[in-house]
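Quick mapping for you: the protein sequence lines, in order, are chains A and B. For reference, each letter of the first sequence is one residue, going 1 to 482 in the working numbering. For reference, each letter of the second sequence is one residue, going 483 to 930 in the working numbering.
Accuracy of the hints is not assured; some may be wrong.
[As the list claims (entries may be wrong)] With a cut-off of at most 20 Å between alpha-carbon atoms, the simulated EDC-like pairs for lysine to aspartate or glutamate come out as follows:
1. A:K81 to B:E540
2. B:K766 to A:E41
3. A:K344 to B:D530
4. A:K344 to B:D665
5. B:K849 to A:D189
6. A:K20 to B:E920
7. B:K782 to A:E90
8. B:K772 to A:E90
9. B:K888 to A:D5
10. B:K539 to A:E90
11. B:K736 to A:E90
12. A:K81 to B:E531
Keep in mind that the hints were calculated from the coordinates and are not lab data.
As a plain string of letters, each chain reads:
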Amino acid sequence: MTIFDATVEGRTGFRLPEEKSYGFEPIDVLPEHLLRDSRPELPQVSELQVVRHFTGLSRKNHSVDSGFYPLGSCTMKYNPKLNEEAASFEGFSQLHPYQPEETIQGALELMYNLQNSLCEITGMDDFTLQPAAGAHGELVGMLLVKKYFELKGDTSRKKVIVPDSAHGTNPASAAMAGYDIVEVASNKDGRVDLESLDRLLDESVAAIMLTNPNTVGLFEKDICEIQKMAHDRGALLYYDGANLNAIMGHARPGDMGFDIVHLNLHKTFSTPHGMGGPGSGTVGVKTFLKELLPVPVIDFDGQKYRIVYDLPDSIGKIRSFFGNFGVLVRAYAYIKTMGSDGLKRASEMAVLNANYLRSKLVELIPTAYSGICKHEFVLKGTKLISEYGIRTLDLGKRLLDYGIHPPTVYFPLIVDEAIMIEPTETETKETLDHFAATIATILEEAKENPELLKLAPHTTPVGRLDEATASRKPKTRWSKGS
Amino acid sequence: MPEFPYLPQTEVEIEEMLRAIGVKSIAELFTDIPEKFDVDLSIPASADEFTVLRDLKELSQRNSNLNDLSVFRGGGIYKHFIPSAVQRIAGRGEFLTAYTPYQAEISQGTLQMLFEYQTMISELTGMEVSNSSMYDGASACAEAALMSVRINGKTKILISQAVHPEYIDTVKTYCFGGNIQVDEVNFDRKSGQIDLSDLKSKLSDDVSAVIVGYPNFFGVIEDLREVRKAIPENVMMIVSANPTALAILRAPGKLGADIVVGEGQPLGNPPYLGGPGFGFFASKEAYIRKMPGRIIGETKDGEGRTGYVMVLQTREQHIRRNKATSNICSNQAFNVLLASIYMSLVGPKGLQEIARRSYDKAHYLAKRIEKMDKVRPVFTGPFFSEFVVEFKKDLSSLNSKLLKDKILGPLDLGEFRDDMKNHGLICLTEANRNEEIEFFAGRLEELE
Ligand SMILES: Cc1ncc(COP(=O)(O)O)c(C=O)c1O
Numbered sequence: 001m002t003i004f005d006a007t008v009e010g011r012t013g014f015r016l017p018e019e020k021s022y023g024f025e026p027i028d029v030l031p032e033h034l035l036r037d038s039r040p041e042l043p044q045v046s047e048l049q050v051v052r053h054f055t056g057l058s059r060k061n062h063s064v065d066s067g068f069y070p071l072g073s074c075t076m077k078y079n080p081k082l083n084e085e086a087a088s089f090e091g092f093s094q095l096h097p098y099q100p101e102e103t104i105q106g107a108l109e110l111m112y113n114l115q116n117s118l119c120e121i122t123g124m125d126d127f128t129l130q131p132a133a134g135a136h137g138e139l140v141g142m143l144l145v146k147k148y149f150e151l152k153g154d155t156s157r158k159k160v161i162v163p164d165s166a167h168g169t170n171p172a173s174a175a176m177a178g179y180d181i182v183e184v185a186s187n188k189d190g191r192v193d194l195e196s197l198d199r200l201l202d203e204s205v206a207a208i209m210l211t212n213p214n215t216v217g218l219f220e221k222d223i224c225e226i227q228k229m230a231h232d233r234g235a236l237l238y239y240d241g242a243n244l245n246a247i248m249g250h251a252r253p254g255d256m257g258f259d260i261v262h263l264n265l266h267k268t269f270s271t272p273h274g275m276g277g278p279g280s281g282t283v284g285v286k287t288f289l290k291e292l293l294p295v296p297v298i299d300f301d302g303q304k305y306r307i308v309y310d311l312p313d314s315i316g317k318i319r320s321f322f323g324n325f326g327v328l329v330r331a332y333a334y335i336k337t338m339g340s341d342g343l344k345r346a347s348e349m350a351v352l353n354a355n356y357l358r359s360k361l362v363e364l365i366p367t368a369y370s371g372i373c374k375h376e377f378v379l380k381g382t383k384l385i386s387e388y389g390i391r392t393l394d395l396g397k398r399l400l401d402y403g404i405h406p407p408t409v410y411f412p413l414i415v416d417e418a419i420m421i422e423p424t425e426t427e428t429k430e431t432l433d434h435f436a437a438t439i440a441t442i443l444e445e446a447k448e449n450p451e452l453l454k455l456a457p458h459t460t461p462v463g464r465l466d467e468a469t470a471s472r473k474p475k476t477r478w479s480k481g482s
Numbered sequence: 483m484p485e486f487p488y489l490p491q492t493e494v495e496i497e498e499m500l501r502a503i504g505v506k507s508i509a510e511l512f513t514d515i516p517e518k519f520d521v522d523l524s525i526p527a528s529a530d531e532f533t534v535l536r537d538l539k540e541l542s543q544r545n546s547n548l549n550d551l552s553v554f555r556g557g558g559i560y561k562h563f564i565p566s567a568v569q570r571i572a573g574r575g576e577f578l579t580a581y582t583p584y585q586a587e588i589s590q591g592t593l594q595m596l597f598e599y600q601t602m603i604s605e606l607t608g609m610e611v612s613n614s615s616m617y618d619g620a621s622a623c624a625e626a627a628l629m630s631v632r633i634n635g636k637t638k639i640l641i642s643q644a645v646h647p648e649y650i651d652t653v654k655t656y657c658f659g660g661n662i663q664v665d666e667v668n669f670d671r672k673s674g675q676i677d678l679s680d681l682k683s684k685l686s687d688d689v690s691a692v693i694v695g696y697p698n699f700f701g702v703i704e705d706l707r708e709v710r711k712a713i714p715e716n717v718m719m720i721v722s723a724n725p726t727a728l729a730i731l732r733a734p735g736k737l738g739a740d741i742v743v744g745e746g747q748p749l750g751n752p753p754y755l756g757g758p759g760f761g762f763f764a765s766k767e768a769y770i771r772k773m774p775g776r777i778i779g780e781t782k783d784g785e786g787r788t789g790y791v792m793v794l795q796t797r798e799q800h801i802r803r804n805k806a807t808s809n810i811c812s813n814q815a816f817n818v819l820l821a822s823i824y825m826s827l828v829g830p831k832g833l834q835e836i837a838r839r840s841y842d843k844a845h846y847l848a849k850r851i852e853k854m855d856k857v858r859p860v861f862t863g864p865f866f867s868e869f870v871v872e873f874k875k876d877l878s879s880l881n882s883k884l885l886k887d888k889i890l891g892p893l894d895l896g897e898f899r900d901d902m903k904n905h906g907l908i909c910l911t912e913a914n915r916n917e918e919i920e921f922f923a924g925r926l927e928e929l930e
């Protein structure tokens with residue numbers, strides 16, 4: 001039942017203070033055609049009804065707080081409660097973006113320090129905290145590339161190279177910046193194929209977008225060669241840092257020669273995913289791109305923190321105000337808590353957990369690539385089809401019955417029937433053991449009763465939903481009597 | 483090794499796990515990274531929760547927060563009353579720590595909430611379809627411009643100079659990416675509305691869309707019917723609206739808007755220095771396949787039970803890659819939850835009363851100011867809850883004095899436009915109590 005179905009005319013969950021009206025009415029001034037002609041049909045329910053409705057909805061969700069969430073490429077690590085506590089301080093949440101600088105010195109200091117910490121963690125020279133998510137950061141990065149070549153007067157570079165294993169946002173973001181996308185193939189080891197790259201990398205290429213460790217969880221060992229190749233031919237090197245969780249304190253994109261980096265604070269830096277957002281896709285650059293960053297930038301003159309808009313070469317504004325400040329507070333709290341030792345340790349434990357789980361699972365389902373992995377790994381589910389007649393999807397759906405969120409499936413695109421698993425560092429060994437045991441149980445079920453998997457899940461609030469029909473004639477809103 | 487509450491591995495377990503993997507040490511797990519990249523991070527070492535919270539509390543107290551101020555400043559972010567239930571329910575971990583609802587069967591809470599939200603936005607905007615959020619009002623506005631270009635294939639955007647300046651700048655940045663030309667249309671110096679004759683003179687065959695605010699940045703309500711009349715049918719009208727105002731204003735969808743966007747923060751979201759809020763994004767149904775962002779639809783499962791899924795995912799980056807309608811992936815779903823709870827609590831009458839009070843209080847103060855001889859209301863066009871006044875004296879020093887009285891005074895428009903020195907944008911909402919308004923009016927009379 002939707003909240004609209006609970007509506008009873010005249011009911012409400014809200015009361016305003018008793019106050020004398022001054023007697024000004026829109027109807028006195030506005031022409032009739034600008035006055036609302038019908039009431040917006042919002043729900044009419046009591047406060048308790050609202051509380052029960054949303055509590056009921058929350059129970060239909062899986063979440064990190066309720067169970068294992070090994071969703072590859074998403075870094076579903078624990079979201080510390082202390083971060084929420086800090087973000088709820090009214091000295092952070094109750095700030096207006098147009099307050100005078102001197103009344104938000106604490107907020108500016110937080111942002112300035114966070115910029116510096118991120119510079120140190122990534123080896124970059126400057127950071128903007130404005131992008132609202134990873135994809136937004138990528139767009140900013142690609143616009144920086146575009147602006148850079150425009151200022152240089154180099155108008156011949158129209159292409160951006162993206163590996164075929166890249167996240168979909170990479171090509172989409174480069175396209176939004178007006179670039180043509182050239183895909184570079186991965187080799188059989190799951191890494192960028194140097195020969196193909198060599199062939200594709202000519203004077204028409206503005207940038208290469210790389211993810212490292214890449215989306216199959218492998219470190220791009222040839223990164224030094226790739227770096228040299230790119231820069232020798234005048235292209236910039238962009239780093240999708242969504243996977244930084246594997247390498248903190250072990251390697252820095254800046255030291256690898258990357259010119260631009262985006263980080264997902266909602267992954268590595270533990271801010272909650274909130275059902276799909278808000279995130280923060282902060283972008284770091286080397287000094288030569290500093291003047292191109294979006295405005296405003298936060299600066300410190302030794303005494304006061306300042307908001308600087310005057311940056312003539314800036315790409316401009318990419319959103320309103322300063323970014324998702326509430327998310328920045330959480331990430332800052334996390335960095336303060338973990339510190340240099342904790343961040344390094346977190347990466348080590350993320351890699352340990354991934355390799356341990358991988359070692360247990362390879363006995364059941366083959367991995368797509370051999371050798372040690374970083375924070376995540378990819379299994380190849382084709383064996384499920386040949387041996388049991390079930391697909392990766394079915395395995396995932398059956399996991400739901402066991403209270404476990406399925407891994408990312410069918411991504412990256414370069415692995416058939418891909419099963420991408422990222423346990424994160426915050427899970428216990430018992431949880432990993434239990435997961436492996438559950439996969440074993442499900443494979444037994446597949447042997448004996450494949451239908452059980454094909455019709456799964458059986459214990460969730462709804463079963464598999466008809467997405468095809470839903471998309472053919474989308475019903476995107478509630479309406480009375482339907 | 484210090485203790486880390488978020489890291490469960492004991493030394494014994496680590497040994498066991500390393501053995502299972504077949505390596506001798508943690509370091510061996512990192513041998514694929516060239517040694518020369520090894521680094522010691524020079525940031526402070528880890529700390530316990532209590533020290534971190536103490537330090538952050540202290541940092542937060544170095545800000546003056548809106549709860550301690552009388553707020554007469556808006557300009558895109560507004561202080562409204564937020565019922566306690568909003569934060570209390572939303573804070574549940576099942577909402578906060580869930581990912582994007584890719585696995586529909588265990589995300590029905592998220593999906594149904596977003597479906598209900600889309601319904602509410604459709605109601606407010608008068609549009610047939612709403613997506614489930616964009617990053618903020620400004621980027622939603624920019625994405626609307628890109629969408630209009632996708633729909634009609636033309637290459638120029640006209641945007642009124644009375645649209646929020648940060649939105650104008652954001653539209654320009656996105657259009658720089660898309661190689662789309664942006665021309666600004668003047669506003670009428672008297673009414674504060676878009677200058678229709680300037681608009682007409684700038685129309686040409688390559689104009690894809692016209693963007694106006696409703697109300698605009700100056701608080702003035704654009705006559706959308708007249709704007710629609712002034713532009714040919716094959717040019718889109720994009721409206722950037724304040725959602726609170728929509729409770730009493732004619733829905734843009736009924737006045738010929740093709741796409742309606744805006745900042746959703748006024749709906750139950752704390753101001754947070756301007757983010758996170760969310761961008762709402764609604765359009766005519768005919769354009770749904772050109773829309774950016776996630777859209778939720780109702781459907782059934784095998785047993786005929788009603789459920790909700792993400793629809794038309796083939797528009798999105800994870801499937802369509804460089805041909806996607808947008809690169810957006812993560813959005814602002816949690817902020818949408820705050821808005822959904824808020825709208826459910828306040829209901830239609832509550833939201834209309836909030837809008838009506840904001841209007842009433844703003845018009846009262848404007849009347850008071852009209853009578854002061856050193857201050858002059860600038861625009862004659864109808865306004866909602868914000869209005870521009872010109873001060874004879876220096877506005878920034880006036881604001882400093884007001885701040886001593888714990889008043890966050892008018893937004894200084896001189897910081898946005900050279901031709902608006904000492905012009906202040908004054909904002910009122912239902913959260914400004916009458917006695918605050920009296921005090922503020924009194925201080926203005928004395929100080930000017
Ligand atoms: C490798 C990679 N890059 C980019 C992104 C996009 O990030 P966001 O969803 O914050 O836009 C993701 C997130 O799913 C990712 O995994």
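Given pair status - D665 (chain B), K344 (chain A), alpha carbons within 20 Å
Cα-Cα ~50 Å, so violated.
Does K782 (chain B) pair with E90 (chain A) here, judged by a C-alpha cut-off of 20 Å?
violated, 43 Å
Pair hint K539 (chain B) and E90 (chain A), alpha-carbon separation not exceeding 20 Å
holds, 9 Å
Pairwise hint evaluation, D530 (chain B) against K344 (chain A), where the allowed Cα distance is 20 Å at most:
holds, 17 Å
Below or equal to 20 Å on CA atoms is what counts here, so check K81 (chain A) against E531 (chain B).
holds, 10 Å
Quick one, are K888 (chain B) and D5 (chain A) close enough, alpha carbons at most 20 Å?
violated, 45 Å
Does D189 (chain A) sit within 20 Å of K849 (chain B), going by the straight-line distance between their CA atoms?
violated, 74 Å
Within a Cα-Cα threshold of 20 Å, do K81 (chain A) and E540 (chain B) meet the stated pairing?
holds, 18 Å
Is K20 (chain A) close enough to E920 (chain B), meaning Cα to Cα at most 20 Å?
It holds: about 13 Å lies between the C-alpha atoms, which stays within 20 Å.
Going straight from one Cα to the other, do K772 (chain B) and E90 (chain A) come out at no more than 20 Å?
This hinted pair is violated, its Cα atoms lying about 40 Å apart.
Quickly compare the C-alpha distance for K736 (chain B) and E90 (chain A) to 20 Å and report which way the hint goes.
Measuring from Cα to Cα gives roughly 39 Å; hence the hint is violated.
Need the status of pair K766 (chain B), E41 (chain A): alpha-carbon distance at most 20 Å?
holds, 18 Å
Hint check: violations occur at hints 4, 5, 7, 8, 9 and 11; the rest are consistent with the structure.
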